[in-house]
Each structure stands twice: as structure tokens, then as C-alpha cells.
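Given the coordinates of chain A, work out where chains B and C should sit on it, guided by the hints.
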Amino acid sequence: MTGTAERALAGLGIELPTPAAPIANYVGFVRSGRLLFVSGQLCLVDGKPVATGKLGAEVSVEQGQEAARVCAINILAQVKAALGDLDKVIRVVRLCGYVAAAPSFLDCPKVVNGASDLMVEVFGEKGRHARTAFGVAVLPGDAAVEVDAIFEVA
Amino acid sequence: MTGTAERALAGLGIELPTPAAPIANYVGFVRSGRLLFVSGQLCLVDGKPVATGKLGAEVSVEQGQEAARVCAINILAQVKAALGDLDKVIRVVRLCGYVAAAPSFLDCPKVVNGASDLMVEVFGEKGRHARTAFGVAVLPGDAAVEVDAIFEVA
Amino acid sequence: MTGTAERALAGLGIELPTPAAPIANYVGFVRSGRLLFVSGQLCLVDGKPVATGKLGAEVSVEQGQEAARVCAINILAQVKAALGDLDKVIRVVRLCGYVAAAPSFLDCPKVVNGASDLMVEVFGEKGRHARTAFGVAVLPGDAAVEVDAIFEVA
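Chains as they are written, first to last, in our numbering: chain A, 129 to 282; chain B, 129 to 282; chain C, 129 to 282.
Isolated chain A, as found in the complex (with noise of 0.2 Å):
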């Protein structure tokens, strides 16, 4: 019997990636408690940026919210990983976007919703979560976008 989470998920179509294996040491997550903490995950599909560059220059923010929401399948591939079952999510805690941004860009917010939304998507409302975005100098690989997370969990 598939939880909630798991047929949000199916219905809107995403099936999570495998998550990227730890190329150092540090790990995709760790778990304390009824906390998990998810690494920083970039807007990757394959192992590539699916957009490259500064949000206010070579990147829209269409583009944007779209490598958002990427960097939260992968926040999601980690805590498949990590519970087995999305159901055993009892809260979306914190999520930080990090946006690459060229110092003029105002709209890192909007960026991040891609983010967001994806969590209510897949969750509901235990998906709501305190949030803080800004924009950055520049991220791994020139990603556009990169987001890490805080899980309350079973």
C-alpha cells in the first residue's frame, strides 16, 4: 500500500533519480534524532546543471524555478533514500535556497518557490516550511541553483 507522499509523487509524474554517490566525505544526508539533514543539492538531472550561470544575467527566472524544483526531486531522492518511504515524513522542517545571482537580481524568492511548491506538492500541508533564499556569489559547477534541507522525521 503506497502512502500519501509516494502517490502525490507518482501523480505528478517525477520519479526520483538515484542519488549522486558521495564523490568526498560528506554524505547526502544525515540523520539525528527526528531530524534529518539533507546535503545541499544542485539543480542536476544526470550528473549536469539543467541551467548554468546568474539568475539577472544568463538565467530567467523561469529557468530558475524550474532548476529549483530539480533541486528538490534531489532533496527528495535523498530522503527516499535515507527513510525508504517519503510517508515517514512527518515534517518539511527548513529549506535554504541558494541562488546564483548577479548582485542586480531582486527575485530570489520567486526562484526558490520552485523549491517550495514542490514540497506542498508532494506533501500537503506538513510540507509548509521555514525558509531563507538569497543570492550568491557563485555555486559548484556554476549551478544555478542549489538547496539544502531539514526533515522532521518518524
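Be a bit skeptical, because a hint or two may be false.
Since the list can't tell identical chains apart, any single copy or any two copies may satisfy a pair.
In silico DSSO-like cross-links for lysine-lysine, where the CA-CA straight-line distance does not exceed 27 Å [unchecked claim]:
#1 LYS176 to LYS238
#2 LYS254 to LYS208
#3 LYS254 to LYS216
Quick caveat, the hints were computed from the structure, so don't treat them as lab data. In this text the structure is predicted, and so the values were computed from the model without any measurement.
Below, chains B and C without anything else, positioned relative to chain A:
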């Protein structure tokens, strides 16, 4: 009977604003166990930034400190909304201060002290917190400062 | 009798510095339950940055890695001050690596590996952590790298 933190706030002549209603799929705070995570709060009064632009360019250190204090007031407004009573705070655990800064600006800690100082003015010793401060490329709406926080609560 | 982490540290020839005294209303660490939050630690030795400027400009990847390792040593000094004994660490939960970077610098993860690697050298498997790394506009005092951390402790 009013508790210590509430009295300290009144003594400082600070009236907490109504926290901004969430305008997207995130919320102002999430509690998980004894930890309260507060979303990044901009230096907004009545919905408008008290300082816009970059430290090291349009914004002075003094203006930045005042902006950080406004962020901290907005954080306390979220805590009040979450707990009903600031005296349910056991400890200010961590602040993170995001300063919109020109790449040549070296004094982010001085700016963020505007937020740290208010926490100690309101909570005394239990207001002392772990902290990270750094210069970001740009903040939402060109605000000069953003601060988020984690509290331990009763 | 010295525990594993303390012996590993000695084997690496690392003597932990006295953590810098707080110069403002924040502190080096706060413990809440089983989580220990360590403030952002700059790449300081004897109060001076071992590398200043930006990655992708004045600072090489190798210099950045060494700077990140110094940040990690300063984190361990805070943990030692907090717990008295590094072997009370159950798990390194999360590191966040802040790299002062030119907007064209793509290798922040390589830089932050300098901190991640030390955690695994000292703590072994329990040193593997969740991590986020990104490029910031500027760090306090023009330091090249800052790292903060969350530990699970006994």
C-alpha cells in the same frame, strides 16, 4: 504577570509588528521538538526595507546595524506568533546573518551585531547564541540585511 | 586513557588552539539537547587569516583547501571547549562551507573538502556529514573561507 523577556522588550520601547503573512508555500516558523526554526527575516518595516543596496557601497555600517536590529525584531515577532510568549524561549541557539555586500566590504560581523545585541538585550544570558555572518551577492528586494534563527523553546 | 578522536588528532600532529574569546554578544557554540551548534569559524591562526581574498582571484584552490582545514581545526577547538573531550562526539551532522569567491570560480566543493577531510581523519566514519558549499561575496576580514558545523554529542 509579564515575564522577563516581555518586560525587557517593553523597556526597550519595542512593539512587535504583526508578522508578515506567508505569500508562498513557506511559513514564518516551524517547530520540531524543542527547536523552533524561524524563516529568514528581512529588514522590513511595514513591508518595506529600511535599507536597500550593498554594505560597502550605498549602505553604511550604522545603517546596516539598524537594519540587522529590524531583522531581529521581525524574528521576535515570529517567535511571539509561534509561542504566544517570548518567555517560553529557553535559549537563542543560532543566528545566521546575511549581509548584502560589495566584495570589498570586510565588516559583516559589525553589521550583524545589530541583531545579536537585541537578542541579549531581550533575553539576557540566554540570548547569547552561535552565529555565522557573511556577505551575500544580493538579498530579496535589494534589502541590505537578512537574519534567520533557531531557538530552543519550552 | 585517550579516546579514538583525540589520538587521531595527536597522530595528525594537530594541537588545538585556544578558541577565540567572543568579542560580541555571540558565543563559539551552543548546545541544545544532543545537538551542538558551532559558530562560523574563519581560517584564523593566532587571530590572522591564513588566506585572504577570493578564490578564482588571489587565492588558489590549494590555499583554499588549507584554509578550510584551518577552519575545521578551529571548529574542533570549539567542540573541545564545549565537551572537554572530542570522543563525546557521536556524529558530525552537518558542515556548511562559505568560500569567498569570484563569480567565475566553480570549485567551491574542492575547497571545502579541506574541512570535510579533516573530520573523517579525526572521527572516522562518524566524521562523514551532510554538507552545503557555495561561493559568497565576501567574508569577515577578507578571510578566504569560513565553515560552521552541527554535531550530535553524548
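Hints and how they fare:
{"no.": "1", "hint": "LYS176 to LYS238", "result": "both (23 Å within a copy, 17 Å between copies)"}
{"no.": "2", "hint": "LYS254 to LYS208", "result": "both (16 Å within a copy, 21 Å between copies)"}
{"no.": "3", "hint": "LYS254 to LYS216", "result": "both (12 Å within a copy, 24 Å between copies)"}
In terms of the numbered hints stated before, the structure departs from none.
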